[in-house]
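What follows is the residue order along each chain.
Protein chains: 2
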Amino acid sequence: AGDSTAGRKVMVKCQSCHGKEGLGRALAGGGEAPNLAGQKYDYLVHSLMAYKAGERKSYMMSLVVKGLSEEDIANVAAYYAAIKITVEVPQE
Amino acid sequence: AGDSTAGRKVMVKCQSCHGKEGLGRALAGGGEAPNLAGQKYDYLVHSLMAYKAGERKSYMMSLVVKGLSEEDIANVAAYYAAIKITVEVPQE
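First to last, the protein sequences are chains A and B. Per the working numbering, the very first residue in the first sequence carries number 1; after that it's consecutive. Per the working numbering, the very first residue in the second sequence carries number 93; after that it's consecutive.
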């Protein structure tokens, strides 16, 4: 299921784009990294494994996942999934 | 850039899995849909276009995007991106 405390150490490889709090930042090449805060654990694992397998394409992500073991992936997914989010839908 | 008010009408095609508030729900086949609340507009558009082009694979998403025009995609991305999120990182 992943260990969010161990994932905090993996997160240092993610934070320059996705933030310690899981809020995506502006990228040097333009655009913004997606938010990861409070994202579903299974979805995060699935996404990272898809980048690792080359099924999802992203130059930056392909580089980063090379350095992550399956355990690292489970742990960092647990870290970002554990961030609590509250939402507010704008009124029309 | 997409019209979030128009996107509210498109969102009815998404809400059974992703919620009106963009919080993913449990899926009948197991697992949970990802959260979309407050996600980056460009990332949402890119993801939906990738499903439409078959570059990202998901049976459910491949069915849903068939019914969405590029304008629908821009508008529903604007709707979900406009939801405000606040985050709280758990203390160790």
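Among the clues, some could well be false.
As the list claims (entries may be wrong) - Using 27 Å as the maximum straight-line C-alpha spacing, the simulated DSS-like pairs for lysine-lysine come out as follows:
hint	chain 1	residue 1	chain 2	residue 2
1	B	K105	A	K13
2	B	K132	A	K52
3	B	K105	A	K40
4	B	K144	A	K57
5	A	K20	B	K105
6	B	K105	A	K9
7	A	K9	A	K52
8	B	K132	A	K40
9	A	K57	B	K101
10	B	K149	A	K52
11	A	K20	B	K101
12	A	K66	B	K112
13	B	K132	A	K57
14	B	K132	A	K13
15	A	K52	B	K176
16	A	K40	B	K149
17	A	K84	B	K112
18	B	K101	A	K40
19	B	K158	A	K66
20	A	K20	B	K144
21	B	K176	A	K84
22	B	K149	A	K57
23	B	K158	A	K57
24	B	K132	B	K105
25	A	K40	B	K158
26	B	K132	A	K84
Worth flagging that the hints you see were computed from the coordinates, not collected in a lab.
Status of the hints after comparison with the structure:
no.: 1; hint: K105/B x K13/A; in the structure: violated (36 Å)
no.: 2; hint: K132/B x K52/A; in the structure: holds (23 Å)
no.: 3; hint: K105/B x K40/A; in the structure: holds (21 Å)
no.: 4; hint: K144/B x K57/A; in the structure: holds (15 Å)
no.: 5; hint: K20/A x K105/B; in the structure: violated (33 Å)
no.: 6; hint: K105/B x K9/A; in the structure: violated (39 Å)
no.: 7; hint: K9/A x K52/A; in the structure: holds (20 Å)
no.: 8; hint: K132/B x K40/A; in the structure: holds (17 Å)
no.: 9; hint: K57/A x K101/B; in the structure: violated (31 Å)
no.: 10; hint: K149/B x K52/A; in the structure: holds (15 Å)
no.: 11; hint: K20/A x K101/B; in the structure: violated (34 Å)
no.: 12; hint: K66/A x K112/B; in the structure: violated (36 Å)
no.: 13; hint: K132/B x K57/A; in the structure: holds (18 Å)
no.: 14; hint: K132/B x K13/A; in the structure: holds (21 Å)
no.: 15; hint: K52/A x K176/B; in the structure: violated (31 Å)
no.: 16; hint: K40/A x K149/B; in the structure: holds (18 Å)
no.: 17; hint: K84/A x K112/B; in the structure: holds (18 Å)
no.: 18; hint: K101/B x K40/A; in the structure: holds (25 Å)
no.: 19; hint: K158/B x K66/A; in the structure: violated (34 Å)
no.: 20; hint: K20/A x K144/B; in the structure: violated (32 Å)
no.: 21; hint: K176/B x K84/A; in the structure: holds (14 Å)
no.: 22; hint: K149/B x K57/A; in the structure: holds (12 Å)
no.: 23; hint: K158/B x K57/A; in the structure: holds (22 Å)
no.: 24; hint: K132/B x K105/B; in the structure: holds (20 Å)
no.: 25; hint: K40/A x K158/B; in the structure: holds (25 Å)
no.: 26; hint: K132/B x K84/A; in the structure: holds (18 Å)
Violated hints for the displayed structure, listed by number in ascending order: 1, 5, 6, 9, 11, 12, 15, 19, 20.
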